[in-house]
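> Make the complex out of the two chains shown on their own, each in a separate frame, by following the hints.
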Amino acid sequence: MNYFKYIESIFKDRNVEPLKGLRVVEVTHFVYGPNIGRYLALLGAEVIKVEPPGEGDRFRQGAIWGRFYKLANPYFLLLNSNKYFIAVDARERVGRDIIFKLVKKADIFIENLRAGLADAIGIGYTQMSKVNPSLIYVSCSGYGQYGPLSRFPSFDVAAQGVAGIAKTTGWPDVDEFYKLPDYFGDYLPSLIAVLAIMAALIYRKKTNMGQYIDISQTESLLRFFYELTYYTLTGQEIGKTGNIDPAASPSGIFKTKDGRYVAIAILSDEQAKALAKAAGIEELEKIPHLKRLEPKVIEMLNEKVEKWVSEKTLDVVIEVANSFGFPAAPVLNDIEITNDKWKWERGTLEFINDRLYGRVAVVNFPTLFSKILPRVKWLGRPVGYHNRLVLKKFGYSANEIEALINRGVVGFWDNMIGAMPPPTWDPEKDPVFKGERDELDYV
Amino acid sequence: MSRDQKLAELFDPDAKPYPLDGVKVVEISYSNFAAQIAASLLCELGANVVKIEPPGGDPARYVTPYGVLIENTGIPYYIENRCKEVIILDFEKDREKIMQIVSQADILIDGLKPGDLHRMELGYQHIQNVDLCIICLAVSPFGHVGEYAERYANIPYSDLTAQAYNGYPTLIGNPYLEDEKHKTPLRAGVWAATIMAGVQAAISALVALYWRESGGSGQFIDVAINEVLSAVHLIPYIVGLFFEKPRGKYGLLDYIIYPFGYYKTADGYVAIATPTDADFRALLKILGLWKIEPDWRFAIDRISDDIERIRELDEKMRHAVARFKTRELILRVIRRGVLYRKIPLFKPIERHVGSPVIVELYPLNKVVKEKHWYIRKSLHIIKTGGKEVVIPGSPFKLSATRTKI
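As you go down the protein sequences, you meet chains H and R in turn.
The numbering of the first sequence is the working numbering, which starts it at 13 and goes up by one.
The numbering of the second sequence is the working numbering, which starts it at 18 and goes up by one.
Any given hint could turn out to be false.
What the hints assert, rightly or not - Label-pair distances were calculated between CB atoms; the ranges are:
1) Glu-113/R / Arg-79/H: 57 to 63 Å
2) Asp-109/H / Lys-33/R: 47 to 53 Å
3) Asp-270/H / Phe-315/R: 41 to 47 Å
4) Ile-398/R / Asp-131/H: 30 to 36 Å
5) Glu-357/H / Asn-171/R: 50 to 56 Å
6) Arg-344/R / Gly-134/H: 35 to 41 Å
Source of the hints: derived by calculation from the structure; they are not laboratory data.
By construction, the Cβ of each residue, glycine as well, lies at the ideal position given by its N, Cα and C atoms.
Bound-form chain R, shown alone (with noise of 0.2 Å):
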């Protein structure tokens, strides 16, 4: 049997236990994504999650891409709410039902308004009278603690201004697009600040679940949105403490690696990536620039805070690609590996041979074509409204517990 065989065997999911069997999360969530996240985080691992809504629903049920729906709710809500049990109540009437449900849960997550379940009297301060082992994760964009929390506890969540926040839009785009909209900070066409902030708290309701299950005690955690993504990364603080000035806009440019981006090919776009400097003179000699090689030999000579100095080798690096079709430049990836491999002599310093990484920029329907991700159940294929419909699966591989999906 080969190896992938044998791999595939090992993590086929059939018959085995969810991870966190057993563990009861509550979820009591207004319009805040990263809190959801989290919440389905550990519902895929397997604990048993209720999202209490108030009458009329959250309203993150409609907080879709250009409005559009799947099965009546929006595609983030749809994905991020699959494995719930969603159940509607009335905050203040139902006051002792939504309790005596938190009083049995493991873990709180509270994604509303820092604040607000303590005024209904379902804050941490009154669970803990029915359950002093409850572990409460509160998710907001600035936290729950001090005096920043309480200033600004009415500015609600949204992906946008938690991303701001973080300082990531001054990175995004092109430095030499001068004009007054180009020079505006960018947006990433992702929700990375959301994303980040929901695995972190869940990682943190775990690791606090981990101390409490190996004989300590329940706690309050504190999450705040607009703080993660850019302390998660360290690179922002490195350049605040280390640089007096901030870095803009670096586009294809890097502050470590070069190149390290996207370029455009004569038919398409491809990712290029040279970690070391080997890998860099590989890329050169396959793109016919060798006589550049002596400018740029090393890192440190390609990448630049003063982006004037390597204005020169961006315009030549993009020229080059440019001339290449996209399958020709990884064909010649791959023929000079092959060439290599085939000398005896150079196997063992492959190395120092070197090889970029380059690939192609999938498009979307190459993305959902490709058969590496149904093989591994990373990508599901549903049927809605008499359509096809592709919905993420697991990143989790686990192979002695399955997910639920």
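Just chain H, with the same shape it has in the complex (with noise of 0.2 Å):
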């Protein structure tokens, strides 16, 4: 049987949910703390997110160039997928109680405050351990917990900036440098996280012992951080090197007779072969692997490969790295990748149909497994949507839910876009709203 074939039949019966039956609490805003709860409730974990009443959190104000869509934040809306959401109002006492009750409960927290917030209102550690031992409480800063930059201010571009990594992108010509887009410092280590808590589930699945997890931005890049030890063993900094990928040559993003672009990075010998049979240039065969990584070399060969790119359109250059065997691949754009019919296929792009927002497309958990099937159920909800249907899961009377209410102790969004639910929503005809029903009765 042809191997594709074979693969293709393995993925038929795909429908595991691997973190069914596990308990999530998170006290987290903006990316970071948020990304490690979405990638845990796509696996099948019950997430609760607690935000402050009225506002929530505030990155369901950070909907990009300002564009809502249905009086909600649609990043917000998938980056807290398959949540349900409280908000308990932790500067009174009572709220306090709710949320260490949440977390008494719970088989994991998340939480993203400053580092030792947690601890000042009560949900710390060294606190929720004694009643929880079994809790697996992740605590997510820009330094970490403890050392002497554990009060730094952060945000992503300055783990990025205070790393080191910033200094390593932009042209060598232009006194300028350049973030890596799209909350790189933010996304990263909360994977990190996600890898930390699935190492702490397996421990405890022997031990049934929790522990703290620590995870800071800075170290999550730091360790990626190669140029680091180049620098310490050679004296140089790399710096900017525009294009070129210093550890690969010939490499670098060239523009097709089609106007196009395409990158090219060589890695090894066996593929400057091929790119020399390819493209027809003898010195790629000649050079040896690592004179060929000299600057200079580098640059020589750049230039051959950019003339001989211009030459050929885009799909040319793709079909011939194909069947010649060089990596190279089109430079593709925000409405390119989203077009890819391949990333439909595998279902990391899909649509579902929203109980509140209607059929909407969704990005998924970017992994095939031939079993596990992570999938987006529902969407982000308003602020403190879930809050009647989560108190009582813990054990709450309806009249003790009403009285917090009234109390203003649990609370609801203000009128203010991306907090709020959609404008045709009635709350009467809601009963996962009014807590009778659950999210997961209609998926």
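Here is the structure:
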């Protein structure tokens, strides 16, 4: 049987939710913390997001170019899919008691508040591990919970700056540095946190013991900052190299005959031979790998590749790369990557029907499993939308819940875009909002 | 004891077990750093990892900046293989031996071209005959599943091409530089696409392992390096689905928060971010730019898909920041914070007073000298060839367990 046919055949039966039955509580905002909860929620965990009443997570207002969809921020809706939303005023003791109760019954707790703030409101690790020893407690910060920099301010770009990786991106002839876009400094540590949580869950399976996980943005970036080692080894900074990857030769982004851009990077002698044959560049075959990586040689080879590419259309370059076997790829933009059929076939992009927001396209967990099926079941919800449902699950009676709401300890959204429900929404016709049914009943 | 000391004690790794004690991983990869990073992270968390290379070694050994070697291998290879056991076996002659090693593993990481292991009769189908509960993690540019995987199976991995396919280079750079050269898409200076795919692959393996240990079975996992970075970031797809036109280079500008980027000061560079309007107001006061506040009051005023509209603001900000020395600017933020904290009335509404995030862009000599990383064991100094060399430590700080480095 053809390999690809065989692989396709084993992907027919996918339905497992590996983290089903795990309860996660998160007190998070912006991107870093919420993305950790999103990953766990896509894998089947029950994730409860605690927000302050009114405005909620401040990132609800963080809509791309200020464009909202049905009074909500589409970015926030995706970043917080499959979660339950409860809004509690942590300034009041009764509010803090509610959060304490939630965390007490959770398997995993995630916070990305300022270092030390969780301790101050009574839900720090030492407080919680006493009442829930199997709890996996995750603190996310810029520099970690202890050490001389732990109180330093941080945000994606700041972490990139202090870790030193900010100084690697740019043109050598322009006195500017560019950030890694789309919050790389938030997403990488959030994935590092998910990986740490999975390892801690496997450890807990054997020992029934929880633990404290301290993840920092800067350290996650430093882990893969090979240039630092290069610097201490040679005394030289690599600095900005434009489109040259100093570990690949030739390497760059070149313009094709049809005005498109293509990236080519050669990592080995084998690939160099393939490109040499395809493009008729003899030097590629003659110069051995390590010699090829000398700065002047990279530039010389790049000029030759540039010329070759400028005489070919993008399609031809990719076809040739595929038949000869060297790395090449088109430089795609937002629209092209979204319309890419390959991703829709893989299910990385798909349409779902959301109970509140209707038919929308969503981005899935970017891994295909032959048994597990991670999926987006519902989108983000307004501030405090699941108050009644969640409190009921934790044993509060209907009267207690209404009393908490009347006192303002448990609250809902302010009438501000990003925090509130869609315009046509009717609370009377929404059993999930009333706490009578679960979101899961509708998916 | 202070909070700092208590935490330092809590995280002391001495005499603790590894979280992945007893987990066996086999990595077979060829010139593929995403697969190597996935295996490396599992190793760091305590798994026992064996990397099988063909005679002559994995060419990844020499993929290193400007050909610089450390202990006879490239820097990235050195760091990503430091805790693995590397063995050399001939894929054809030693096939049975390889099968024997693989059949004892919990996780097999396949970083070859799709179908290569299958051709050598070491594919998932063959392994299942001897080990039904194995988790096979395939890491490749276009994946192993579907029509496109088959069509592009022969294009090897590289970080630059993966960045390109994920749309990253179209976003990087200054939109106001209009000459042909600087309009070209620009790569990220670190292996962004590889790193993200490697971490995603490691997560996927542990998710499958957790389920297997909870009474499930083994399975096949497919990670495609050409989609992970953009899919993790979400934003490119939201733009693709909600807007008719792609974002271009956004340099110092942003699509959600402004300012959000790196600025040149009189004597260096700083990163500036103002997550809220209050933070932006504080920044204007610090920079002495308060008179422009009415024009740019709300976040929505400061972000736009029309870059000409915000060019004026961008130029004013750059100009204002360039008048200060880095230290002076940071001191102004601190002094302002202290001032407001001294007035009791302002304490409860500190959040509304706002404070911009401003930090220096650390030059590498400052990064390697910062004590913080060594206290937290995030950087290590090793001695090699008579030199002291800094290598990264583990980003995983887990209180009950330790990491292997």
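> Please check whether Asp-109/H and Lys-33/R have a Cβ separation lying inside 47 to 53 Å.
violated (33 Å)
> I want to verify a distance hint. Is the separation of the beta carbons of Glu-357/H and Asn-171/R within 50 to 56 Å?
violated (19 Å)
> Is it true that Asp-270/H and Phe-315/R lie within 41 to 47 Å of each other by Cβ?
Between Asp-270/H and Phe-315/R, where Cβ atoms are some 42 Å apart, the hint holds.
> So the hint says 30 to 36 Å: do the beta-carbon atoms of Ile-398/R and Asp-131/H match that?
This hint holds: roughly 32 Å between Cβ atoms.
> Range first: 57 to 63 Å. Now tell me if the beta carbons of Glu-113/R and Arg-79/H are that far apart.
Hint holds: Cβ distance 60 Å, inside 57 to 63 Å.
> Does 35 to 41 Å hold as the CB distance between Arg-344/R and Gly-134/H, or does it fail?
At roughly 38 Å between Cβ atoms, Gly-134/H and Arg-344/R fall inside 35 to 41 Å, so the hint holds.
Violated hints, listed in ascending order, are 2, 5; each of the other numbered hints is respected by the structure.
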